[in-house]
Amino acid sequence: MVKAMSEEKKKLKVKLKKKEEAPSAEGEELFKLLSKIAKLLDGVEGLKGVEIEADEIIIEGVTPPLELLSAALQAAPAPAAAEAVAAPPKPELEAFKFEKPVRSYVGKFEEVKIGATKEEGGTRAFTLTVGGSETPAMHAFEGQLPHRPVIAHLVFDEDPGLPETLLKYYGDVKDDPVAWARKCVEEFGAKMIFLDLRSTDPHGTNRSAEDAAKTVKAVLEAVNVPLAVCARSGDMKKDVEVLKKVAEVAAGENIVLYCGSITLPAILAAGEALAEEIYEYFRAAKEYGHVIVTYQPLNLPGIAVLNKAAMETGVPKNKILIDPGSVAIGYAVEMAVSAMDAIYNKALIGDESYQMPLLYIPANAWMYRECYDDVEEWGDTEQRGHAWELGTAMAALMSGAHLLVMLDQYAIEAVENFLDRLYMPKIESVRELLRHLPGSNCKACGFEMCKELADAVLKGEADVDKCQRLGDAGKRVVRRLLSPPSPPAVEPEEVASWIKELP
Amino acid sequence: MIRMAEKGKEVRASPMELMKHLPGEDCGECGFDTCFEFALAIFDRRKRYDECTKLNDAQKKALAKLLAPPMREVVLGVGEHARRIGGEEVMTREELGFFGKTVIAYDVWDTMSEERLRDRLKEIHEIKAVKVKEAFGVDAIAVRNVSDDPKKFKETVKIVAEQTDLPLILCSFNPKALRAAVEIVKDKRPLLYAATKDNWADVLEIAKKYDVPVAIFSPNDLDTLGAIAKTFAKNGVEDLVLDPGTFTEPGSLLQTFCNLIMLRRACVEDRVKEVSYPTMAVPATITTTVGDRKKAAQFETMLANALITKGINLVILHYPNTWGFFPMVMLRESIFKHPKAEEKVDPGIYEFNEPDELSPVLVTTNYTMTYGVVSSELERIKVPCWLLVVDTGGLSLDTVAGTGEWPDMLEEAVEEFKVAEKVKHRILIVGQVVAEYKEDMEEVLPDWKIIIGPKDSTEIGPFLKEKWKELLKESGIEV
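Heads up: the sequence lines are chains E and A, in that order. Quick note: the first sequence, position 51, residue 51 per our numbering, numbers continuous. All you need for our numbering is the position in the second sequence, starting with 1, plus 503.
Simulated from the structure, these hints should not be mistaken for laboratory data. Virtual Cβ for every residue (Gly too), placed ideally from N, Cα, C. Be aware that one or more of the hints could be misleading.
[To be verified] Ranges between beta-carbon positions, derived for each pair:
#1 Glu92/E / Lys557/A: 19 to 29 Å
#2 Glu221/E / Glu629/A: 45 to 55 Å
#3 Gly171/E / Glu882/A: 17 to 27 Å
#4 Asp726/A / Pro485/E: 21 to 31 Å
#5 Asp472/E / Val581/A: 33 to 43 Å
#6 Ala179/E / Gly896/A: 45 to 55 Å
[Stated by the list, open to error] Residues from chain E shown here face chain A by an in silico Cβ test under 7 Å; the list is partial:
#7 Lys97
#8 Gly143
#9 Phe188
#10 Gly189
#11 Thr263
#12 Leu264
#13 Gly330
#14 Val333
#15 Met424
#16 Lys500
[What the hints assert, rightly or not] Below, computed lysine to any residue pairings styled on SDA-like, alpha-carbon distance capped at 20 Å:
#17 Lys797/A / Lys174/E
#18 Lys631/A / Gly379/E
#19 Lys797/A / Lys237/E
#20 Lys97/E / Lys700/A
#21 Lys97/E / Asp959/A
#22 Lys100/E / Thr727/A
#23 Lys237/E / Asp959/A
#24 Lys191/E / Val150/E
#25 Lys634/A / Glu377/E
Given these sequences and hints, build the entire structure.
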């Protein structure tokens, strides 16, 4: 069919409908004519929007003599002939089926349990399990996600010289590890505490192993979440002495004992024994039932050596974590990423020396001035600090870290929010809901603080619609987390509108 | 490498095969002594083959073919600000490296007043991340067609093009708007964003006419994404970028990562040519879920960092700021650094914790691993000191110790970096692995006393705290 129609003012559309017949001579004549018209129109300055689209001609910006054109077309050859000339044809969409590139993996990561409840011989309110990956990180299209990564909140047993940004959270507790741990659990919702016994450093305050053990005991009494205890003075002898004492006082609690100063000889001959302290560390964990961490920064063979030695000493494979070297962005983070990639590659093809879950300490970012120094050309100091630890945590998570040790509460909340979006837990506490609200306390909802709105929403007394700042997408996030899973999880229109609708 | 089910995986050309297409004159102009070393370098992509100046056309063609990565390389923009993305070959950087460095773009839109537009452009251009010697700026500008009005879009693009030389991304699903805008910047290789299941035929025409790269946007539908890409390629438009959608909500965020990972694996491992193009995402979409500006800015930075870790080639962001751009660029520069190139640090004398003329001088090599470990330890212990990084060609101290060349390398560094002008004392602290060369070192550096330091970097702090004053005193300097 040939149709001439004026869709609106100043617009003419000529449409040639296609048919599966060979073009006729008359049809070709008409086609040539139309092409000529198109070419002529193209050359006219001031005429805009002339489109020849394979089977149609659209002329915009002019008012054509519709009657004349209509008459002209009436006089055209028989419809059947015209139909056939719609060449060159508009391209057809090619057929394509995406085949999911799924692999099978023979190996998987261990699941490591941390903490022990009363029934299990400890005093923790609950236990945590990390690890269990059976695919590379985020490969949910070919296997289950591992256990939700745990964030352990870092607590120091003496003030490490906290920068301004962190004093906001810990200023009132920085000299009291018990109060600090309690604040993390009660106020910041910590599910795990990572206690760094920095005061035992022989080149610093040099507190004794006995004193350190007392602190650990007090922290265990003050909070009921699973615990990790760390000694990383750089003095292996002292660190192991401290951790042995800690292992003893924490007997039955299934804590993580982190020794950050294990030194291996530069060249390890086959069958050569390691330093005696290393075995003492392993044996202490074994005897009192704790979890160890094999830490060798960016040194894969070293990690395997330690893992093997630990297992030979009798530490069960599911009581070992690996720290591949927790460096921050800007300080060889790419090597940590590669180390983790390599560990996954080995673990998933069945290499048992590397199948222990990965621990990463994004909090280490705060050792570097990029996190806290006021340098004008680096931008806002506080936001930069948050972003640095947060970015380091992202690099670790996307590389498959199972347990993160973090310090900045802002970054912790953001990572938990991110994990909520991945794991879709049902939100049941004010604290959890709060991290999905704007947090600006703008009062537009009628409540004084976001916290009060969260409380009302959880009690069913208010709807999240009351929030004036959250857009549709933000409200969807909250609704999905209040009653997950609320399908469909992926709606294309969620993102199709970004060009027009970014705030 | 995880290659449990290899299908149709093509094996990379070996250095020997590459060697056949090199001149074989060992002229040394490329910086390598022999053509074979150059062949090794182009094999693992530390160098590009066209860095050999003596190739004839046939050799160039042969090498281009042998070295073509599975993922197409696409150039955005022109001139010095042009960015080449894609060209990826592996899933994880430890297998070879990532190459199509993430282009970081910020947006402007066509419903802004001209004044605001100019201000925002200025703001975007002022963002800089400075790392030792290099300064990094924003890579590209995305112009959004919020108005849906082709005329308005065109005018906005005109202003933007006058204000910047950065590559542009023209964002509209309206072909009329894209056509109007591309006409203004047709010589600047803008990226058209985007061809979709609804507008692809029109966008294809535009891309063909103006020979510009196109992003294909097919949210969570990889069949259609591949179908459009296949259609474009068949019609001669092959500079494509794939956007499977950036979903950020509970449940859908994971799908975003999965889609990107699947596309990459289909390309680099399964060689599915229909989807062998660079990938992109729009972390800015997460800002719609947050409801607070500062939080939104943090969240898009967070998401961008997650995507950069996985090697994404292009991201579009909405909140320009230096505090977030800085770590993001540092992460990108790290992730896309060639794993073999990273074994070198610039030699020189580095300051830690504001040293003075009585501070100790520690010596290390320019092997990144050693430097990284030592420097982070020095940052941590907060003892003021100097770190002399000796040029060992990127080799570790252990390796160099075996060659016997260490004393001369050290002497050269002390001379070149004028260590004697930095400090009053004449003490150098070197690692234990070169202890056997103590006499040789003192022979080439007669003015200096060589002290053998600790074996492990974690012992540096204690060593300095305990020994330094004593050492100064021994050499006749009272503190």
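Violations among the numbered hints, reported as their numbers in ascending order: The structure conflicts with hints 1, 8, 9, 10, 12, 17, 19, 21, although it agrees with all the remaining ones.
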